[in-house]
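Novice: As a plain string of letters, each chain reads:
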Amino acid sequence: MFWKDKYKLGVALIDKEHEELFRRVEAFMKTLRSNESWGDKVHEVNETLEFMKVYVVEHFSHEEAYQKKIGYPGLEDHKKKHDEMVEYVVGVSDQYEKSGFDQQLMQQFGGRLLAWLVNHVAVEDQRIASYAIDKGVANDEN
Amino acid sequence: MMKTELYTPFLDATRQVLQTMLDLSDIAERSAEQFDEGQENLEISVGVVGDLEGTITYRFPSDTSLNIVQILSGMEMDSVDDFVASAVSEIANIISGTVMTLLSADNLTCDILPPVQGRLDNQKEYTQHTQCCITTSAGDICLDIALSRA
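As given, the protein sequences belong to chains E and P, one line each in that order. Sequential numbering of the first sequence, starting at 1, is according to my numbering. Sequential numbering of the second sequence, starting at 1, is according to my numbering.
Just so you know, these hints were derived from the structure itself, not from any lab. Bear in mind that the values here come from a model prediction, so they are computed numbers and not experimental data. In this text, a Cβ means the ideal position worked out from N, Cα and C, and glycines have one as well. Treat each hint with caution, since some may be false.
[As the list claims (entries may be wrong)] Simulated restraints on C-beta separations: (1) E/134 x P/101: 13 to 21 Å; (2) E/19 x P/33: 39 to 47 Å; (3) E/135 x P/101: 18 to 26 Å; (4) E/12 x P/121: 49 to 57 Å; (5) P/124 x E/69: 42 to 50 Å; (6) E/37 x P/104: 45 to 53 Å.
[Claimed, not checked] Just a sample of chain E residues kept apart from chain P, beta carbon distances all over 12 Å, derived: (7) 12; (8) 69; (9) 100.
Produce the complete structure using the sequences and hints provided.
Specialist: Written out as structure tokens, the structure reads:
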């Protein structure tokens, strides 16, 4: 299982979305890494990619709204990291379509997404949780 | 090769990232001479610009690369392919970014360039040239650090 309980921030909406994101990325990786031929799995890969493009943007905006609500001082830096990732996802996706669904591009994307997501949730997002706990707002309604 | 003042931030950043991302707590220093040259290495280079300029080259033996990506993904990996190399490159990128944050506490402002696979062919001489090698239960990693003050 890719998701770990230690990634939980204690903010119900964000935790639920993180778990969903990890579930989708895991499904994406499993499809990418399966022994099926690229031709057999490319449709599923493309569907997951389209979902993630929408879901990632939605999730980032929810997370940023939460940071704003609790007055998180690292919001601007955090938003910059989100924006860079969205730019990367959109850029790779465009390049992928133009290439006629090149497998190498998607394998590289999957690997980077995996490491980026784990670091972002395990490190960057945990700073938000630490701030919320320090300020005594961690248990406020989302 | 002498350990320069840059050795500690690189060691600390590597330790920090591997602990947080991979739950590796058994990280120990090892000498560059003991670094396992017996297997093929995945080399990742990260350029540095700003108050310091130069390159950090990461060497990940194949076993280390596969173990790291298996721990991260929870999936079996059997070869250092595009997926594995890209995940390991991102880890090198994250370690480098963490080093830059640690250096900023010493008033050194630097940026990193996107990681590239392979060793950059750079003939420049650097004033600070050091190696930082570690061993973990996931395998060994060695960083070649070649930097000068701009």
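Novice: Determine for every hint whether it applies to the structure shown.
Specialist: Do the hints match the structure? See the list:
no., hint, result
1, E/134 x P/101: 13 to 21 Å, "holds, 20 Å"
2, E/19 x P/33: 39 to 47 Å, "holds, 45 Å"
3, E/135 x P/101: 18 to 26 Å, "holds, 23 Å"
4, E/12 x P/121: 49 to 57 Å, "holds, 52 Å"
5, P/124 x E/69: 42 to 50 Å, "holds, 49 Å"
6, E/37 x P/104: 45 to 53 Å, "holds, 48 Å"
7, 12, "holds, 23 Å"
8, 69, "holds, 26 Å"
9, 100, "holds, 17 Å"
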